[in-house]
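We have chain R; now place chain V onto it with these hints.
Heads up: the protein sequence lines correspond to chains R and V, in order. Just remember that my numbering sits 97 ahead of the position in the first sequence, which is counted from 1. Just remember that my numbering sits 2 ahead of the position in the second sequence, which is counted from 1.
No lab work stands behind these hints: they were computed from the structure. Just to be clear, a hint being listed does not mean it is correct.
[What the hints assert, rightly or not] If the Cβ cut is set under 7 Å, some of the chain R residues that face chain V in the computed set are:
#, residue
1, N125
2, V133
3, N134
4, M140
5, S232
6, F337
7, A375
8, F381
9, T382
[Unchecked claim] With a straight-line Cα cutoff of 25 Å, these simulated DSS-like cross-link-like pairs (lysine-lysine) come out:
#, chain 1, residue 1, chain 2, residue 2
10, V, K124, R, K105
11, R, K104, V, K197
12, V, K124, R, K110
13, V, K124, R, K104
14, V, K181, V, K118
15, V, K118, V, K197
16, V, K197, R, K109
17, R, K207, R, K303
18, R, K303, V, K11
19, V, K70, V, K58
20, R, K104, V, K118
21, R, K109, V, K181
22, R, K303, R, K208
23, R, K108, V, K124
24, V, K124, R, K109
25, V, K118, R, K108
26, R, K110, V, K118
27, V, K181, R, K110
28, V, K197, V, K124
29, R, K213, V, K11
30, R, K213, R, K303
31, R, K393, V, K124
32, V, K181, V, K124
33, R, K208, V, K11
34, V, K118, R, K105
35, V, K181, V, K197
36, V, K181, R, K108
Just so it is clear, CB atoms sit at the ideal spot from N, CA and C, and this is done for glycine as well.
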Amino acid sequence: MQIRQSKKFWKKKQRLFIIGMLSLALINFAIFWVYVNIQSIVMAFQDPGTGAFSFINFKTLFDALGHGRPLVDNPQVFSVDAIVNTLIFFAVSLFFITPVSFVFSYFLYKKIWGYKVFRVVFFLPSIISVVVLTSLFGYMFSTKGIVTEIFMWLTGSETTPIFFGEERYALTCLILYNIWTGFGTNIILFSGAMSRIPEELMEYNKLEGVGFARELVQFVAPLIWPTFSTVIIFACVGIFNASGPILFFTTGNFRTNTISYWIFAQVYQAGGIPEYAAAVGLFFTAIGVPFVMVVKWLLGKVGQDVEY
Amino acid sequence: MLKRRNKKKLTVGQLIAFIVVFAVFFLFAVTLIYPMLWALLNSFKTNAEYFDDPFKFPEIWQFKNYVKVFDKLSVRTSYGTQVGLLGMFANSIWLSLCGSVLTVFSSTMVAYVVAKYDFRMKNFIYGLAIFIMIIPIVGNLPAQYKLYSDLHLRNSPLILITYTGGFGFNFIVLYGFFKNVSWSYAEAAFVDGAKNLRVFLSIMLPLAMPAIAALFVIQVVGLWNDYMTPLMYLGDFPTLSSGLYRFKTIMESGGSTDYPVYFAGILLATIPILVLFAFFSETIMQNTVAGGLKG
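Just chain V, same shape as in the assembly:
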């Protein structure tokens, strides 16, 4: 009976609303997908064909553009060497993976201790985490740039130490998670003689792994796409984001203009993140949920 009621048809007004919204959704989705397909089509053309008509199908499909891109798409470092697409891939990988490990692990440590232990600074640290998130700081970039330069973090993998901040969105999510985990597991382990670190590593971390994995994936996507940090601080370690931007700037300011090869490059740069998304889309979507900000 209830099932039959559930399938109650839409009213005429609701059906019209559905049709209108569906049309809007469809058109908006087309605007998002069309540029990708357009770039894909043009990535198989010669440069002359692209300039002749960017909407026409290629006469001969230039699959070799996807080979050429590894040779042609490169940017120069301050010491004169060229970093190609593979080098950019490598830089994107170490920056996004190591940065994500450090960020998420640091947040996990702070969130666990604040959620599960009683100590004097507990409420202050929680309040601090919320405060940092909601305070609109504008323009500390000059001071940040100066500090990174003074500490020789610019153009160095040492920049990774800046990713050890344990607060922010990751902290809030993990704090909520640990708050809801039963402490009886830990108590049982303490009775058996386990130390604090052992309880954290062997009991609490495995329990939190789904949340940690989700945050890790979200973090990887964010760092993979981050162009600001590599542009500002890692000129000699161009990632795919910053490298493609620099290549495009050089290309459009009079360098070798091979647009189809550039399109091949941007599509190749997008593949890893789309694959990651395909595998973890549910995880990403289920964990990108915000509750209220208390405090």
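In isolation and in its complexed conformation, chain R is listed as follows:
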């Protein structure tokens, strides 16, 4: 009897401990995630003028999409430009930055000359503030910057280009910035995974005369598949949040707007329509969720975890 009571008391204490340990995070989750997202859905269906239930925000969105690419660039107005640019940033991240990071990591793993220094230098953009990086990058591309000097020398141009102030250059320069700063974290993730591959396997490849390319594709990629798929999933999760640091360079002008920057500007800058921004966000979340789920399912089918 006493033992049963004692067990009951112990269980009760344990339950209280579990509740205590979880409560802070769960309250935070309920307020700052669940409530915010429900509120976001509610806002999407609110008339910006009256606050009444309405589909006007979605009507405005579909009208904007139906008009195609606007003739005159206006970063305040949501347009097809923002979607196209978002997809360009996403494609660059997925199809260029991720594979190149993988190849870079492989050669760091193969201990190329100076690999320790390179590893640290390549990681620098991940620890230095975006404000500092964009300032430095911006000055390199300014009218007195070295990139401008090289560009004019290479093209023989006599007019100084304004890279972040002209429509024909601005988006390309933002993409270059994303590439310039985009390798760091991926390299660390891939290098970490590669460092756990048993040395004997690589030693065997060496003795068998397996070339770099074959080793990379047929041995390393399958062995670090969980990391690879995680990197791809995170790239997909960020599909509609993918953007360059537009705030620091163009503030959405010169046809460089993206979905996420446009939403940010609607909140941060005066004259924005938060209800319309919430509707745009909801629309793209509705597209993004199944997309990520399908990608995750496909990645699970394509590769399998390898025990080693």
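Coordinates of chain V only, in the frame set by chain R:
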């Protein structure tokens, strides 16, 4: 024998690949380091010298720019006072340190309980943590802004309560860690009469300290460099990231244009994080490892 085999030379093809990749690495590394050196050089110039030729060495090295920066680099708050570089440092410190402590501690509590105790919601909470990480939510910023305004979290250190979310990357790392820690230590302590909290604080936390420290450093770096939160919600508490951005915007839109002083400012703002990185680079790199996302 094996050692001799290990040192087997590269084939010609492999050597060419190494040379090409090394050249690419070298050029890319130069592009990353050059702007820092360029800013360092220009931070010792007068404004006139900078505009005259940004690639030339300074005639007289203006070390005083690094003193001037504390006086000149400032932004105005909504109540009219100026916050200088030291104030921005202070704001960066409290935001990044307190925010990191709260985030990592909250994740530690959740990860420990989910990994080590059996209860009804266990699998749901684990699934929830993964779900939050992989669901691509776009555009809840307007609702978030409204909520922060309603709760009076804007322009207040109370914003720190938003950092108590226990899920995300930290949770996943710590969950994996606690899952692998032997429960026999705890059982021994329970036999000796220790309570759940005591076991957590005195046995499990010290065991998890290396992982917690690594996550803490990563979190500090992230919050130190975060410009979005301070720009959106802490206008009167500019951090180095948001303050430097605001100063640059004012400077380029017709304020006092003293670029060398600005360069001195951005370099000074980078020093603490570079020092932190120098001390903890191995820790950061070893712990920034992602496994598969299960669930």
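For each hint, the structure was consulted:
Because the beta carbon of N125(R) sits about 5 Å from the nearest beta carbon in chain V, less than 7 Å, this interface hint is met. Annotation: V133(R) was flagged as interfacial toward chain V, and the flag holds, the nearest CB pair being 5 Å apart, inside 7 Å. At a threshold of 7 Å, the smallest CB-CB gap from N134(R) to chain V is about 6 Å, leaving the interface hint in force. Interface restraint check for M140(R): the shortest CB-CB distance to chain V comes to about 6 Å, inside 7 Å, so the restraint holds.
With 7 Å as the threshold, the beta carbon of S232(R) comes within range of chain V, its nearest partner Cβ sitting at about 6 Å, so the hint holds. Hint status for F337(R) relative to chain V: holds, with the closest Cβ pair at about 4 Å, below 7 Å. Of the supplied interface hints, the one on A375(R) holds, with its beta-carbon coming within about 5 Å of a beta-carbon of chain V, less than 7 Å. Because the closest C-beta pair between F381(R) and chain V is about 4 Å apart, less than 7 Å, the hint holds.
Proximity of T382(R) to chain V holds as hinted, the smallest CB-CB distance being about 5 Å (cut-off 7 Å). Of the supplied pair hints, the one linking K124(V) and K105(R) holds, its CA atoms being roughly 20 Å apart against a limit of 25 Å. For a cut-off of 25 Å, the pair hint linking K104(R) to K197(V) stands: about 14 Å separates their Cα positions. Between the alpha carbons of K124(V) and K110(R) the distance comes to roughly 17 Å, so the proposed pair stays at or under 25 Å and holds.
Between K124(V) and K104(R) the alpha-carbon distance is near 21 Å, which keeps this suggested pair within the 25 Å criterion. Taking the CA atoms of K181(V) and K118(V), the gap is near 7 Å; set against the 25 Å cutoff, the hint holds. For a cut-off of 25 Å, the pair hint linking K118(V) to K197(V) stands: about 15 Å separates their Cα positions. A C-alpha spacing of about 12 Å is found between K197(V) and K109(R), which places the hinted pair at or below 25 Å, so the restraint holds.
A threshold of 25 Å between alpha carbons decides the hint, and for K207(R) with K303(R) the separation of about 11 Å falls inside it, so the pair holds. At roughly 10 Å between alpha-carbon atoms, K303(R) and K11(V) fall within 25 Å of each other, so this suggested pair holds. Distance restraint check for K70(V) and K58(V): the Cα-Cα separation of roughly 22 Å lies within the 25 Å cut-off, and the hinted pair is therefore satisfied. Among the hinted pairs, K104(R) with K118(V) is consistent with the structure: their alpha-carbon atoms are about 19 Å apart, no more than 25 Å.
For the given pair, K109(R) sits about 23 Å from K181(V) by alpha-carbon distance, which is consistent with the 25 Å threshold. For a cut-off of 25 Å, the pair hint linking K303(R) to K208(R) stands: about 14 Å separates their Cα positions. Between K108(R) and K124(V) the alpha-carbon distance is near 16 Å, which keeps this suggested pair within the 25 Å criterion. Between K124(V) and K109(R) the alpha-carbon distance is near 17 Å, which keeps this suggested pair within the 25 Å criterion.
Among the hinted pairs, K118(V) with K108(R) is consistent with the structure: their alpha-carbon atoms are about 15 Å apart, no more than 25 Å. About 15 Å separates the Cα atoms of K110(R) and K118(V), which keeps this hinted pair within 25 Å; it holds. Among the hinted pairs, K181(V) with K110(R) is consistent with the structure: their alpha-carbon atoms are about 22 Å apart, no more than 25 Å. Restraint check for K197(V) and K124(V): the C-alpha separation of about 21 Å stays at or below 25 Å, so the hint holds.
Between K213(R) and K11(V) the CA atoms are separated by roughly 21 Å; this keeps the pair inside 25 Å, and the hint holds. This hinted pair checks out: K213(R) and K303(R) have alpha carbons roughly 22 Å apart, not beyond 25 Å. A distance of roughly 23 Å separates the Cα atoms of K393(R) and K124(V); the hinted pair therefore holds under the 25 Å criterion. Among the hinted pairs, K181(V) with K124(V) is consistent with the structure: their alpha-carbon atoms are about 13 Å apart, no more than 25 Å.
Proposed proximity of K208(R) and K11(V) is supported: the alpha carbons are some 13 Å apart, at most 25 Å. For the suggested pair K118(V) and K105(R), the alpha carbons sit about 19 Å apart, so the restraint of at most 25 Å is met. With a CA separation close to 20 Å, the supplied pair K181(V) and K197(V) stays within the 25 Å bound. For the hint pairing K181(V) with K108(R), the CA-to-CA distance comes to about 21 Å; that is within 25 Å, so the pair holds.
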